[in-house]
Every structure is written in structure tokens, then in C-alpha cells.
Amino acid sequence: MSNRWKERSISRIAHFEHAVRAYSADLYRYAWWLCRDRHLAEDVVQETFARAWKSWAELRDVALAKAWLVTIMRNELARSFSRNKPALDIDAVGEAELPALPSVESQLETAQLVSLLPETYREPLLLQVLGGFSCAEIAAMLGTTEGAVMTRLTRARQALRKQYDLPDKKRRAI
Amino acid sequence: MNCLEFHRAKLADPRRLPPEAQSHAAQCAACAAFASSIDEAERDLERTLAISVPEGLADRILLRVHGARPAWRVWALAAGVVLAIAIGLSTMLYRPAPAEQYARQAIEHVAMEPESFHKVNAGDAQALGELLRASGARLKAPLGAVRYVKLCPVDTGTGWHIVFETPEGLATLLIVPGQPLGATQHATNAEWSALARPTRRGYYAVVTPSAAKTTQIDRLVRERIDWDA
Numbered sequence: 044m045s046n047r048w049k050e051r052s053i054s055r056i057a058h059f060e061h062a063v064r065a066y067s068a069d070l071y072r073y074a075w076w077l078c079r080d081r082h083l084a085e086d087v088v089q090e091t092f093a094r095a096w097k098s099w100a101e102l103r104d105v106a107l108a109k110a111w112l113v114t115i116m117r118n119e120l121a122r123s124f125s126r127n128k129p130a131l132d133i134d135a136v137g138e139a140e141l142p143a144l145p146s147v148e149s150q151l152e153t154a155q156l157v158s159l160l161p162e163t164y165r166e167p168l169l170l171q172v173l174g175g176f177s178c179a180e181i182a183a184m185l186g187t188t189e190g191a192v193m194t195r196l197t198r199a200r201q202a203l204r205k206q207y208d209l210p211d212k213k214r215r216a217i
Numbered sequence: 018m019n020c021l022e023f024h025r026a027k028l029a030d031p032r033r034l035p036p037e038a039q040s041h042a043a044q045c046a047a048c049a050a051f052a053s054s055i056d057e058a059e060r061d062l063e064r065t066l067a068i069s070v071p072e073g074l075a076d077r078i079l080l081r082v083h084g085a086r087p088a089w090r091v092w093a094l095a096a097g098v099v100l101a102i103a104i105g106l107s108t109m110l111y112r113p114a115p116a117e118q119y120a121r122q123a124i125e126h127v128a129m130e131p132e133s134f135h136k137v138n139a140g141d142a143q144a145l146g147e148l149l150r151a152s153g154a155r156l157k158a159p160l161g162a163v164r165y166v167k168l169c170p171v172d173t174g175t176g177w178h179i180v181f182e183t184p185e186g187l188a189t190l191l192i193v194p195g196q197p198l199g200a201t202q203h204a205t206n207a208e209w210s211a212l213a214r215p216t217r218r219g220y221y222a223v224v225t226p227s228a229a230k231t232t233q234i235d236r237l238v239r240e241r242i243d244w245d246a
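If you read the protein sequences in the order shown, they are chains A and B. According to the numbering used here, the first sequence is numbered sequentially starting from 44. According to the numbering used here, the second sequence is numbered sequentially starting from 18.
Calculated from the structure, these hints are not laboratory results. Heads up, some of the hints might be wrong.
Stated by the list, open to error - Below, a sample of chain A positions facing chain B; criterion: calculated Cβ distance under 8 Å: (1) ILE56; (2) TRP75; (3) LEU169; (4) CYS178; (5) GLN201.
Unchecked claim - Far from chain B, some chain A residues (derived; all Cβ distances over 10 Å): (6) HIS58; (7) LEU107; (8) ALA108; (9) LYS109; (10) ALA110; (11) TRP111; (12) ALA121; (13) ARG122; (14) SER123; (15) PRO161; (16) GLU162; (17) ALA183; (18) MET184; (19) LEU185; (20) THR188.
Claimed, not checked - Per label pair, the in silico range of CB-to-CB distance: (21) A:ASP104 x B:ALA46: 42 to 48 Å; (22) B:HIS135 x A:ARG122: 35 to 41 Å; (23) B:ALA47 x A:SER158: 29 to 35 Å; (24) A:GLY186 x B:ALA46: 39 to 45 Å; (25) A:ARG79 x B:GLU57: 22 to 28 Å; (26) A:GLN201 x B:HIS83: 43 to 49 Å; (27) A:HIS58 x B:ALA50: 43 to 49 Å; (28) B:GLY195 x A:ARG64: 40 to 46 Å; (29) B:ALA47 x A:ALA106: 36 to 42 Å; (30) B:HIS83 x A:ALA183: 26 to 32 Å; (31) B:ARG155 x A:ALA183: 51 to 57 Å; (32) B:SER40 x A:GLN201: 19 to 25 Å; (33) B:GLY195 x A:ALA106: 46 to 52 Å; (34) B:ALA116 x A:SER158: 28 to 34 Å.
Idealized CB from N, CA, C, for every residue including glycine.
With these hints in hand, go ahead and build the complete structure from the sequences.
Given below as C-alpha cells:
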């Protein structure tokens, strides 16, 4: 085994370990908010990194690792979801599908409101807030246009604003 | 840029406002106020989304992918794996009989959400009445000071998690509409005692630290809430 090969291998392992420690928490959160299942979320994150490691040598730019991991994880989640429900087309959901909230909607906490958002609105919101990605980056990951992502993010925040616009006491009290 | 365009830009990506939007906000007080309210909401959203992550997740990923780790870490992780298997086996061997499934789940739910006992996010009896109406019940008389209310995920969908004060301490009431229950269930572990009772639209569960107190609170709940409203 040549020294250069050894050094490259050690560097590859170090970069991977760094990525695991830097991104696994946010990937877990992202998965959890989509599936709301602790065990499934951890399984998906583990599987994501296991698959990523197999192709880690092909990753040309470590700076792109996070977006690449998100793409792998979306595929893993889609595989899990396909067993239970049909895949959603991000461009097939209209404003009319924003949640019809129950009468106590205004008193639900942010977590419940986020959970009530349709997946096609929730997913870009998670990618932006948890992942820190721009609209253009999210559009590339989701395979849609930047304009479509901006529309979904705008509508998602408008739905959430219904809560924030209420006085703080009323918003939190049930 | 006009105000409408500013609103759209701020709602689409609050942290990446283009320079022309920033210039607009500097000259428009209404849009500056709007931006400020969005920023506050965004901070709230960030806090909400940052749920806790299972301890040792990164180590488990690395163990799975690389296998070999420094010796101390291997032993620590191996011990964790053995413990997890032991807990898994004990869970399988001592799986609760279906007859007490929902009472057992109520205990697990309370144990998994310890913040319900120190976080106060409620206190409005009228709103509790509204919540009960939405669940097909009616509050006949105050139950006690309500401290905590949260809509929680449960096996069959969502249910209301309510913590209220009683003269003997805090008590938990879980309301799970939409899940039929044939008969009353009881479950107990070292820390908690639960009772799950069918209602017209599903079931409710009472969880307290002792069987005697659970029975007492269940009596109070039946007296003060009409479940067939």
C-alpha cells in the first residue's frame, strides 16, 4: 500500500467523520419532521450515511456534501414512504390544499402548525430553516423551479403567520 | 421594489434579502415592521424545529459505516448495543397484553414528555372547554388549573395531552378521539399508574403516580366532563 494512497484514505475517512458529526443532527431533524417517527428517522439517517460512504470517493467538492446527503436522504425517505403512501408531486399541490385547520387552530403551538402543513410546503421550509439552503439550492434538490419554491415558502409562512399574528397570551394558551 | 414585492421576498427567504429589498425596508416603516415580525416568527420556528437528537447518533453511524473505532469507544458502543438488545428483548418478552395496550401507551407517552410537568403553556378554562367540544365532550365544571396542553402524535393519529393541578399534585389527562376502546384498561409501572376509559368518540386516559390517585382523578374527570355531549 503506497503512502499516498494511505494518506488519501485517511483524509477521506476524516472528511466523512466530519460530515457525520456536522450534518447528522440536522438530517435527523429534517427526517423526523417529515415522518414524525424517531426510529424511522434514525434508520433513514444511518442508511443515508451508509450509502454516502460507498460513493464518498466520488464526491469532488466536500462543500457540496450537505446538499448531496439531503438528496440521498430524500430518496431513502421516498423508499420508506412508498410502502405506505403515494409519492407527492411538488407542482401538483395548489393553495387550496393548505390545511383546513380545526377550530382550536389558533391555539396550537408552532409544532402542530408545522405538522399540519402539506408535505410539499413543509419540505422546502425544513430545507431552508434547518439546512440553510437558498431557494435556488432547494429548487435543484427538489427538481423544480426557484419560483415554485419561493411560492411554497411564501404560502407556508403565511399559514404559520396566522398564529404569530395572535397576541402572545392567546396564541399559547389553550 | 414596492411593498408587495418586499413582502414576497421576505416571506420566501427571510435571511437572504436582496439589496433592493433592504433599501426598501430602510425607507418604508411598514415594511420594516413587517420584516421585524417575520424575523421574530423565524426565530420561533428555528427553536421549534430544533428537536432533540438521539444521543450517540453520530457514533452509531460511524460504527455502522467504519466498524473499527478506538478501543474505548468500541466497548462503550458495544455496551450500548447490548443494553439496547436487552431492553428490546425484555420489551418483546414482557409485551403488554392487548387488554392494557392504551393504558400502557399513556404511561409511555407521559414518561417521554417530562417537560409537560414543568412547562406552563395554558391556563384558560374556556379554551379547555373549546378543546373538549372539538373532541365531542363538554366541560361541566372546572377540572383544576390547567398548566399544559399540547396536541401530540399518538399511534392512531393525534391526541390532546393535558396536565392540570389537583390538591394532591399534578395529573395528566390524554384525550384520544377516533380510537375505539372496548373496555376500561389499567396499567402500572414503577413510577406511574394509568387508566384508559372509552368515550363515545374514542378514549381518554388518566395518568398519575399512584393507582389510588388515578382512580380519584378518573372520578373527578367523569364528574366534571360529559363525554357524550
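- Failing hints, ascending? none
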